[in-house]
Every structure is written in structure tokens, then in C-alpha cells.
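Generate the whole structure from the sequences, applying the supplied hints.
Protein sequence lines, in the order shown, are assigned to chains A and B.
Under the numbering used here, the residue at position 216 of the first sequence is numbered 216, and the numbers go up by one with no gaps.
Under the numbering used here, the residue at position 12 of the second sequence is numbered 1012, and the numbers go up by one with no gaps.
In case anyone wonders, no lab produced these hints; they're calculated from the structure.
Bear in mind the structure is a predicted one, so any value in this text is a computation, not a measurement.
Warning: the hint list may mix true and false statements.
Claimed, not checked - Result set (SDA-like, lysine to any residue): computed pairs, CA atoms no more than 25 Å apart in a straight line:
{"id": "1", "chain 1": "B", "residue 1": "1086", "chain 2": "A", "residue 2": "53"}
{"id": "2", "chain 1": "A", "residue 1": "96", "chain 2": "B", "residue 2": "1156"}
{"id": "3", "chain 1": "A", "residue 1": "96", "chain 2": "B", "residue 2": "1027"}
{"id": "4", "chain 1": "B", "residue 1": "1086", "chain 2": "A", "residue 2": "194"}
{"id": "5", "chain 1": "A", "residue 1": "96", "chain 2": "B", "residue 2": "1031"}
{"id": "6", "chain 1": "B", "residue 1": "1086", "chain 2": "A", "residue 2": "130"}
{"id": "7", "chain 1": "A", "residue 1": "94", "chain 2": "B", "residue 2": "1131"}
{"id": "8", "chain 1": "A", "residue 1": "94", "chain 2": "B", "residue 2": "1107"}
{"id": "9", "chain 1": "B", "residue 1": "1086", "chain 2": "A", "residue 2": "134"}
{"id": "10", "chain 1": "B", "residue 1": "1086", "chain 2": "A", "residue 2": "100"}
{"id": "11", "chain 1": "A", "residue 1": "96", "chain 2": "B", "residue 2": "1111"}
{"id": "12", "chain 1": "A", "residue 1": "94", "chain 2": "B", "residue 2": "1147"}
{"id": "13", "chain 1": "B", "residue 1": "1086", "chain 2": "A", "residue 2": "98"}
{"id": "14", "chain 1": "A", "residue 1": "94", "chain 2": "A", "residue 2": "214"}
{"id": "15", "chain 1": "B", "residue 1": "1086", "chain 2": "A", "residue 2": "164"}
{"id": "16", "chain 1": "A", "residue 1": "96", "chain 2": "B", "residue 2": "1113"}
{"id": "17", "chain 1": "A", "residue 1": "94", "chain 2": "B", "residue 2": "1112"}
{"id": "18", "chain 1": "B", "residue 1": "1086", "chain 2": "A", "residue 2": "197"}
{"id": "19", "chain 1": "A", "residue 1": "94", "chain 2": "B", "residue 2": "1157"}
{"id": "20", "chain 1": "B", "residue 1": "1086", "chain 2": "A", "residue 2": "210"}
{"id": "21", "chain 1": "A", "residue 1": "96", "chain 2": "B", "residue 2": "1112"}
{"id": "22", "chain 1": "A", "residue 1": "96", "chain 2": "B", "residue 2": "1148"}
{"id": "23", "chain 1": "B", "residue 1": "1086", "chain 2": "A", "residue 2": "129"}
{"id": "24", "chain 1": "A", "residue 1": "96", "chain 2": "B", "residue 2": "1109"}
{"id": "25", "chain 1": "A", "residue 1": "96", "chain 2": "B", "residue 2": "1147"}
{"id": "26", "chain 1": "A", "residue 1": "96", "chain 2": "B", "residue 2": "1153"}
{"id": "27", "chain 1": "A", "residue 1": "94", "chain 2": "B", "residue 2": "1154"}
{"id": "28", "chain 1": "B", "residue 1": "1086", "chain 2": "A", "residue 2": "214"}
{"id": "29", "chain 1": "A", "residue 1": "94", "chain 2": "B", "residue 2": "1069"}
{"id": "30", "chain 1": "A", "residue 1": "96", "chain 2": "B", "residue 2": "1146"}
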Amino acid sequence: MSRKTGIFGLCLAAPVAIAMLVASATYAWALTIDVTCGGETVGTVTVNALGAGKGISGGFTSTTGDPPTLAAAAAACDETQFNWYQIVTSDNGKAKNAAGMFLTAPYVDPPPGGYSDQWADNLPWYYDMTNPPEGAMNVDPDLSLSANTTADTLSFSDNPMSSGNITFTTWLVSLNANGSLQSFDVGFTWQYNTGTNTVTMLSEYLEGPTDGQYQDLIGGFASTVPEPATWVLMIFGFAGMFVLRRGVGGIA
Amino acid sequence: MDPARPSGATQDNETFTVLRLPFSASRPNALWETPEVVRIIANAPTTLEALSAALTAASAESAAQFHETAALSAVSVGPVLDSPDKVRLRDFARSDRRFDLRIDYTRIRMMDVTLPRSLPWRPILVAPIPAGLTPGRYEVGAVWRALSAIPDGPPLPVADLREAAHFEIVS
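Here you go:
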């Protein structure tokens, strides 16, 4: 899938906003990026910085199919499903993983197993794709992939909290049926500004991740969603091999 | 009120239920525009979508009247919270013709926690009202108080959210 130059959408609501845009001409409060596959646009990523205390929100909407669906967009690119991959590139060093250990940026958001105050699955993608185990604490059902997917849109929303600024890079990712990575699509960078409790510095990011942004960070994650059928087949496979060996050994 | 996506996320005990009104990317301001009110609802629905509709209808009525045999619940919409926040009904007291709900909630955003991934939500607390009310006018109030931890963390420097309504039981 190719990542093409996007279309910047600017929200100009006040003189202050205009002044800030002049000072930081590459940043915006709203972003629209075409997602293309083989030279054809299959959908768009649109994200908006919401007001104070409200974070960032938007999503990827398919323009493929009649009516448009995410499945059609995925099929057009020989993929199965979509999710997001988000990393924290800088923060105040106070985020804790599920074991209560402080995290050092850059790190995948969320880390494997989640944070000390929030469960997450063991895949490196932003929305959870597996169910929490029985008794898991601090599970937010609204952070599941299914809760953020409609027929034609995969939403993206985040409202971080911190006593220091946090900077992010976020990519739309195309995944295989087992949750493994197929390809990185378009991305964007943004910042949670703790002083104003707003999202700022929203900017398009069309490059794929470097090793330092992906390969070097995913060591503790699972690579696929565990498939129950796979385990059953493996168990029966091993059992069948054991029976065969005994049968052969038993023939005199 | 935003027609919330039906969610199975609830916290149940024998006296109350907390439903989560989720953030919607398709209507990003709806969560913050949801009125913070307390209302009395008969045969309170258990799904978010139906409960949201019932609350909207109850808020539009100028006078809430119920038959004395109706199964009633006090339904209170709380403040916007973050992913890890918790809610608990501390007390549901009756005094003559007045009902008072005291509800505690956490506000982790004020606890110097760094959490890069979080979604906002609103709690909707549903508490059944004891049956057998005699005809007449009643008052119901709800007070939401922020604590550093549930159940007994110290209060946070946040003004209590206070809600009030009245209803009438008719023969």
C-alpha cells in the first residue's frame, strides 16, 4: 500500500488560532489524509484536535465499495482488517506498565498488558483485539477494536492525561486475519499539551516507522491473535503422531 | 442525549447499576453536552440505548407522575470521567418524602497519573426505589463527590455535582 501526500484541512476559528498557525505553519487542528492502494484512493484518515480537555478524535473511513465498507477497502489492498499503531515519542517518564515499572520513551502505546491503571492485550496495536482474561482489572470495553469499528469507519480517539507533555506518532496499519502486521499506512504526529490540556502540533507523517519506532519496540508483544483452532489442531496433530509411532512400533 | 451504543459494561450490585455512556467519534461533543440530571424512570431499561431514550423523554416532561404500583428507579447522570475511573453508590437514603443519592467517583486525571491512552465516558447510575410509595409529591437529589480512591480515599478539591428533581405518585 502506498502512502500518498494528504490534504491538509485547517480549522481557522479565531485570530489566536490564525496567529498560532502562522507561527507553526506545518501544524493544524484538523487533518485529512488520503489512503491509497496501487494508485487508487481507498479511503481517508481524518483527525481533529478537540477542545480543552477533550483530546483528539477522528478515524479512517473507507470510500471503497458500494456502499463503502472497511472490508472492501481491505480487500482492495489484499488485506483483512485495520487498526492503529501508536507510539509515545516523549513524555515525563511517569507512565507505568502493567507491572508498575516506569516506561522510557519511545514505547508502544499501550505496552504489552497495558498500563498499571489500564488493561491492554499483548498485541502492539492501539485497540485491543483479544478479550481480557477472567478477573482482569481496569478493563475499558470502549478500547476494543470492535467497539471502534463500524461498517465503513475505524475510529481513532484519545484523551491522554499527564502532568507533562506527551508526543505521539500514530499510524493506520493493515493487518492480516491473525492480527499480524501486513503494512503501515499513513500516519500523523501530535502532542498532548498539559499546560492547556489540549491536543496540539497535529501534523501529517507519511513515512513508515524506523526500526527505532517499531522493530526495536515490539519485542515483548505477541505477533498474532491466538487462534483456538490452531491449538486444537496442534494437540490432535501431536496425539496423532504419537499413535502412529506406537502402531509402527507394535507391528512385529 | 446521545443515543449511546448499547454496552454490556456495567457494575452491578444489589442496590445499583452503573452504565457507561461511551465517547462517540462520530459525535465528539455529544458526551460533554449530555445533561447532568437525576430523573425518576418507571421500569428502567437495562440497555444504554433504551435508558438514554427514557432519560431524554423524562427530561422533556414537565411533570413526572407515576402510578403507586409502578416499579421506579432513580437515574443520575454523572460527570465526564476517564477510562480507569470508578463509581460507587455510597448511600441511598429516604427521609419522609425525599430520596437522596450520594455517589462517589474517582478522578484519576487529578492524581498525577500519566496515561497516554484513555477515552472519556459518563456514568449513568440506576438505583431502584423501594416499592409502596403513597400518593403525593416527592423530591429526589443526587450528589456526586470526587475521591482520590474508592471506597474511602480523601475527597478531591472538586465541587460536588448536585442534581435535583421531583415526582408525584398518583392513585
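Cross-check of the supplied hints:
no.	hint	in the structure
1	1086(B) with 53(A)	19 Å, holds
2	96(A) with 1156(B)	23 Å, holds
3	96(A) with 1027(B)	31 Å, violated
4	1086(B) with 194(A)	23 Å, holds
5	96(A) with 1031(B)	28 Å, violated
6	1086(B) with 130(A)	23 Å, holds
7	94(A) with 1131(B)	50 Å, violated
8	94(A) with 1107(B)	17 Å, holds
9	1086(B) with 134(A)	19 Å, holds
10	1086(B) with 100(A)	20 Å, holds
11	96(A) with 1111(B)	14 Å, holds
12	94(A) with 1147(B)	22 Å, holds
13	1086(B) with 98(A)	18 Å, holds
14	94(A) with 214(A)	21 Å, holds
15	1086(B) with 164(A)	24 Å, holds
16	96(A) with 1113(B)	9 Å, holds
17	94(A) with 1112(B)	9 Å, holds
18	1086(B) with 197(A)	22 Å, holds
19	94(A) with 1157(B)	23 Å, holds
20	1086(B) with 210(A)	38 Å, violated
21	96(A) with 1112(B)	12 Å, holds
22	96(A) with 1148(B)	18 Å, holds
23	1086(B) with 129(A)	24 Å, holds
24	96(A) with 1109(B)	15 Å, holds
25	96(A) with 1147(B)	22 Å, holds
26	96(A) with 1153(B)	21 Å, holds
27	94(A) with 1154(B)	23 Å, holds
28	1086(B) with 214(A)	34 Å, violated
29	94(A) with 1069(B)	55 Å, violated
30	96(A) with 1146(B)	23 Å, holds
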